[in-house]
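A.B. asks: Okay, here's what each chain looks like letter by letter:
2 protein chains.
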Amino acid sequence: MPDHSQAPSEPVVTRSFPDSSVGLVTPETLHFDQPLALSCGRMLEQFDLVIETYGELNKSASNAVLICHALSGDHHAAGYHSEDDRKPGWWDSAIGPGKAIDTNQFYVVSLNNLGGCRGSTGPVSINPETGKPWGPDFPVVTVEDWVESHALLADRLGITQWAAIVGGSLGGMQVLEWTIRFPDRVRHAAVIASAPKLSAQNIAFNEVARQAIMSDPQFLEGRYLESETLPASGLGLARMVGHITYLSDDAMKAKFDRDRKVTDFQFDYGAEFQVESYLRYQGESFTKRFDANTYLLMTRALDYYDPASRHNHNLVEALANAKARFLVISFTTDWRFSPERSEEIVNALHTAGKDVSYLKVDAPQGHDAFLMDIPRYTNALSAWMNRVATESKEYTV
Amino acid sequence: MPDHSQAPSEPVVTRSFPDSSVGLVTPETLHFDQPLALSCGRMLEQFDLVIETYGELNKSASNAVLICHALSGDHHAAGYHSEDDRKPGWWDSAIGPGKAIDTNQFYVVSLNNLGGCRGSTGPVSINPETGKPWGPDFPVVTVEDWVESHALLADRLGITQWAAIVGGSLGGMQVLEWTIRFPDRVRHAAVIASAPKLSAQNIAFNEVARQAIMSDPQFLEGRYLESETLPASGLGLARMVGHITYLSDDAMKAKFDRDRKVTDFQFDYGAEFQVESYLRYQGESFTKRFDANTYLLMTRALDYYDPASRHNHNLVEALANAKARFLVISFTTDWRFSPERSEEIVNALHTAGKDVSYLKVDAPQGHDAFLMDIPRYTNALSAWMNRVATESKEYTV
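Protein chains in written order, with the working numbering: chain E, 1431 to 1827; chain A, 1431 to 1827.
No wet-lab data here; the hints were simulated from the structure.
Take the hints with a grain of salt, since some may be wrong.
Pairs involving identical chains hold if they fit within one copy or between any two copies, as the list cannot separate such chains.
Calculated pairs, DSS-like style, for lysine-lysine (alpha carbon to alpha carbon, straight line, at most 30 Å) [claimed, not checked]:
id, residue 1, residue 2
1, Lys1562, Lys1718
2, Lys1790, Lys1685
3, Lys1683, Lys1790
4, Lys1683, Lys1718
5, Lys1784, Lys1683
Given the structure is predicted, the values throughout are model-derived calculations rather than measurements.
Only chain E is shown next, with the shape it has when bound in the complex:
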């Protein structure tokens, strides 16, 4: 007769991540003591960049891939920060062992950009000169400034030339700028769901977001951290506006249509439609993880970026010295950066005689598609990255 008097102790369950995941990752903070001259004319005397890396750098340092993040992204692109992390990094669908950006083949570097709010020096960091958060005194940085800081990061990591630089949306602009600014340091460039510059409508949406933030009385001219408050309603509104532009009309219809949370109309202004409730939730939860000054700064970097403006407003001229092989991807229902915007880049690259592959993916998800695991997209990125891997091996011979 079995002895039931003592229950067996519970085994210690260690969470097992899928084989295709990079698993647990730990961000690393790199301090840079060399001053960085910024586009605005100011100098950043010293700064930190927070990075994550996945995979191993090979001996010849020829297999490094840089991931550039978009407006609200950060360094945490893949894997998990703890055993009980509910969500992986923002591009976990693409980065991992055997995935499109295969960490068995590549050394993948992902960073939080300067001005960000996830550890790299930015408005929430302490300004060494005042001992208080930088807040609104943090300089407005540009895509060009970011790429300069990326180059210093590459130097630090011993990477003379990236096998590939990959980015979507605002990240795609950084990729483009890399190929222009440091043509010898990028072998392959993937520009996804991006544009060579914002349209008036794009700027208009950014302006609404900024006005929402700046008109929030809790904004306190950007010094809210010093007063231990937050412009939560303004930042939430900014996110709501942004979110609408990330989704296609079709995607919203599929997700919410006119579905209601209540059976009968309430004849008031509560969240009666599911889409209202969703947007409110998106707005509120964003305010818990993002900084309002960083949001302002990121939207301004978007507004300002226009590489052609430095070359007689001629994008062909701007790209004349680029040496990378390009992959450009757009999504049919993306109305924030429509396929036509990607095609401006493709056409300029063709005219400039560059090596470019272009894929327009038929996808209903709108701009957000670039973050998703859509077979045609994932497969194309995967095939292209495989060629990058092959060429990178040839390169090391």
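Guided by the hints, dock chain A onto chain E, whose structure is given.
C.D. replies: Coordinates of chain A only, in the frame set by chain E:
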């Protein structure tokens, strides 16, 4: 030798309006003592409607045309309120002697809807029960409520049947509802740049506008008038968001592109791009002429309208009893209510066996096109209204 000792007195210059203008017009306030049962279940015991009329009602009252206004419109559709009025009514391009809606042929009636803020009973009116402005206590009215109130207005004016009812955007929804609710009282119906119901994306933009207004600390839960204040920044933001959706991407590019007010970037968040400056101006000036509670109410009326929902979600069924001859017009670059949305109406009307003409106008102006004098549009509306006039004459025989 002429006597110069006394300068001739200046002649009294009376401004001459163009021959095609209805000229000086005076709004009229009609008081209704009969109670109006509203969709929300509440009763409006008495109310005022402010109207303007242009042209003469013929003896058989067969030449009356009702104009239904959109979100921020009002009764002042044509002509001028004073000699030094800078701008005519909002649809002066279409209404006047010899114009598309020819006041030599038609008796045109334009009103400010219930819940409006230009004289008809609404949130800025005094609630007779409290002696204070209605504010947030004014009931949320619906397109159906408006059409019921229009019918009382028609009764008052002695109009048994409208020769035509014409409206754009939210106005088009009122036209549609008229044909469903009072099929015997509408001979012709023009539904312009409209939709049979809002999409999730449409509702989402309305929700952003409402959140902007309601999160403004000056909103005071809608009782700002009692405190002699205004939620100006929230209402301004709401208008900015709305305005972006009224213009096409192309129209914004043509109007502003990336043009700047400043030569060099300022690296701050001032209005550097023309489009930023324009939107700020649009937002600010709107707050001087519009009421925030009315804005909430108008957006909710838009959200709620869905005539098919009363008929098993079948628009064909909803329109089954309509007797009017329809004209439906859409504009190619309108992304607020795209041509596809107009085509939903057209297809349902066809299926229901109704008489419908459909015109998709190739126009770069976006949703705002419906307010503009675009030759193909104006000519088509003019030709259709001429047929309405001819049939109206036959009708009176």
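A.B. asks: Are the hints correct? Go through all of them and say.
C.D. replies: Results for each hint:
Taking the closest pair of Cα atoms, Lys1562 and Lys1718 come within 30 Å of each other only inside a single copy of the chain (21 Å); across copies the shortest separation is 40 Å, beyond that limit. Taking CA atoms no more than 30 Å apart as the test, Lys1790 paired with Lys1685 passes in both settings, with 23 Å inside one copy and 29 Å between copies. With identical chains, the CA atoms of Lys1683 and Lys1790 are at most 30 Å apart both within one copy (22 Å) and between copies (23 Å). Proximity of Lys1683 and Lys1718 under a CA criterion of 30 Å is satisfied intra-copy only: 28 Å inside one chain copy versus 35 Å between copies.
Taking the shortest Cα distances, Lys1784 and Lys1683 sit within 30 Å of each other only across copies (28 Å), while inside one copy they are farther apart (39 Å).
Consistency note: the structure conflicts with none of the earlier hints.
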